[in-house]
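Start from the sequences, fold in the hints, and give me the full structure.
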Amino acid sequence: MVDFGGWDMPVNYGSQVDEHHQVRNDCGMFDVSHMRVVDIKGRGVRDFLRYLLANNVDKLTTPGKALYSCMLLENGGVIDDLIVYFMEEQWFRIVVNAGTADKDIAWMRKQVVEHAKAHPDCYASGASKAESEAPAEAAPGDGAQNEEPAENEVSAEAAPPDEEVKRIPNAYLFGDMTQEEAAKIIFREQDEEPAEKPPLDIADHPDLSIIAIQGPRAREKLWEAMPGSKQLTEKLAPFNAVVLGTMFIARTGYTGEDGFEVMLPSYAAPYFWKSLLEKGVEPCGLGARDTLRLEAGMNLYGQDMDENVNPLESGLAWTVDLKSERDFIGKAALLASPPARKLVGLLLLDRGVLRGHQKVHTPHGEGEITSGSFSPTLNQSIALARVPKDVQAGDQVQVAIRDKMLTAKVVKYPFVRNGKGLI
Amino acid sequence: MSNPENLKYTASHEWVRTEADDTVSIGITQHAQELLGDMVFVESPAVGRKLKAKEECAVVESVKAAADVYAPVSGEVVAVNGELDSAPEKINADPYGAWMFRMKPDNAADVAALMDAAAYQAVVDSESH
Numbered sequence: 009m010v011d012f013g014g015w016d017m018p019v020n021y022g023s024q025v026d027e028h029h030q031v032r033n034d035c036g037m038f039d040v041s042h043m044r045v046v047d048i049k050g051r052g053v054r055d056f057l058r059y060l061l062a063n064n065v066d067k068l069t070t071p072g073k074a075l076y077s078c079m080l081l082e083n084g085g086v087i088d089d090l091i092v093y094f095m096e097e098q099w100f101r102i103v104v105n106a107g108t109a110d111k112d113i114a115w116m117r118k119q120v121v122e123h124a125k126a127h128p129d130c131y132a133s134g135a136s137k138a139e140s141e142a143p144a145e146a147a148p149g150d151g152a153q154n155e156e157p158a159e160n161e162v163s164a165e166a167a168p169p170d171e172e173v174k175r176i177p178n179a180y181l182f183g184d185m186t187q188e189e190a191a192k193i194i195f196r197e198q199d200e201e202p203a204e205k206p207p208l209d210i211a212d213h214p215d216l217s218i219i220a221i222q223g224p225r226a227r228e229k230l231w232e233a234m235p236g237s238k239q240l241t242e243k244l245a246p247f248n249a250v251v252l253g254t255m256f257i258a259r260t261g262y263t264g265e266d267g268f269e270v271m272l273p274s275y276a277a278p279y280f281w282k283s284l285l286e287k288g289v290e291p292c293g294l295g296a297r298d299t300l301r302l303e304a305g306m307n308l309y310g311q312d313m314d315e316n317v318n319p320l321e322s323g324l325a326w327t328v329d330l331k332s333e334r335d336f337i338g339k340a341a342l343l344a345s346p347p348a349r350k351l352v353g354l355l356l357l358d359r360g361v362l363r364g365h366q367k368v369h370t371p372h373g374e375g376e377i378t379s380g381s382f383s384p385t386l387n388q389s390i391a392l393a394r395v396p397k398d399v400q401a402g403d404q405v406q407v408a409i410r411d412k413m414l415t416a417k418v419v420k421y422p423f424v425r426n427g428k429g430l431i
Numbered sequence: 028m029s030n031p032e033n034l035k036y037t038a039s040h041e042w043v044r045t046e047a048d049d050t051v052s053i054g055i056t057q058h059a060q061e062l063l064g065d066m067v068f069v070e071s072p073a074v075g076r077k078l079k080a081k082e083e084c085a086v087v088e089s090v091k092a093a094a095d096v097y098a099p100v101s102g103e104v105v106a107v108n109g110e111l112d113s114a115p116e117k118i119n120a121d122p123y124g125a126w127m128f129r130m131k132p133d134n135a136a137d138v139a140a141l142m143d144a145a146a147y148q149a150v151v152d153s154e155s156h
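Residue numbers (my numbering), protein chains in the order written: chain A, 9 to 431; chain B, 28 to 156.
None of these hints come from the bench; they were simulated from the model.
All the pointers check out, no bait thrown in.
Capping the alpha-carbon separation at 16 Å, the derived lysine to aspartate or glutamate pairs in EDC-like fashion look like this:
#, chain 1, residue 1, chain 2, residue 2
1, A, Lys-412, B, Glu-83
2, A, Lys-412, B, Asp-95
3, A, Lys-331, A, Asp-66
Calculated from the model, a selection of chain B residues having no Cβ within reach of chain A, i.e. all distances over 10 Å:
#, residue
4, Asp-48
5, Lys-117
6, Asp-152
Glycine included, each C-beta is placed from N, C-alpha and C at the ideal position.
Shown next as structure tokens:
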């Protein structure tokens, strides 16, 4: 077990390499409940996200459609990478990284206030209209400024009085969990009432768990474990999601394989996990998740990019929309400074293992490995490295490993997709 | 898997076996391989290299991490296990069979002074608490 953004998480349940192959060849599952779900609701949410995110949410036109994007600082540095889902016109759902979640939410709340000041026309045109159109699942404090709460009204999000705790159905309890513990999961502690009602409701859901089921047999395994999901997800295209009761099922992942990421209330997650286990879905840890995503050429925040580097130098130019006329945070900085470096793939030709922070010597200057490991699929060491922009695929470079210089080849990535090596 | 009684151990998780010809075989313990996980690379010292006790002399790398291997005693490297080059996973499958290198110790007494299985187990127990 390791500490990961405050979460106690297994690096591997058994053999990390076996877990890796399991996902490439069959199906495995990951508990990724550390990822944070943030819902943004209200009039103007699309305009706000158009400004907040480097990718363009105008690409999202049908409910459930997902988009990968970076959220940037004014100087172009990456605050976080995320997936944004279009739920309905006044509701977008964002999934962010665990370690950055609190920072991300604070940034969003700050930016929405400033954006609303500059563009009041994008947001609520009148209090009464905004309220009547407010989504049913309004978050804590919503509308509290304008209405006296009815005396007998029970707010599900408010800290529960003792009566509420006693009323928690036994079905929500498992193991030796007490009603008080269950109450903490079900009832969110209410944040302090903001002095002023924010232009949009930005609420995170630490009470949601996320379980990723990944691999060529992920779909059939989900349907075996939860037959009710088949009809809804059978025709679900990649990078799309559907709502199923309290669950949210997205055909997304972080492995380069087909599969789902399922969000559901934390009290239900152990049951879901167990039913997948009974159908033979193998639990996989953070270790396999890392080698799978590296083979798939997917960036890891904090390693391949962070606030000190922009997406154009992180292999993420494809996620930055510089063509449309819209302005977004960081756009001016990206346009002002063309990238001098880029992210490339490395394949180690000598024996050894590439690791993050190793120095890379190229004919065009020095670079650095951002993520490196051993690829179980290719049976060879691979890496992502940030190098001077003139380095080309096919070039040979030298990597300093301990006291030796080893030879690696620059390659295009992804290294592996849908079970097959591409190198 | 318990640590074999007939071996000597170091606090840095190497095991040492005295062979019939008084050379010693060196590998990494069950506890070490379990911590590191799936082995993917082994770098052994060159035959003929003179080592001082506790000197870094080899590297084992798993998918997860790289770890140094230290010379348990002073002496000269007389052989390396070439099998591990192509099959480092043997360390996972059979840590006390998969020797990494052999040394001719400068002093046999140095080997005798290393920890026995019980003392090593105490080190492992103290690390996992």
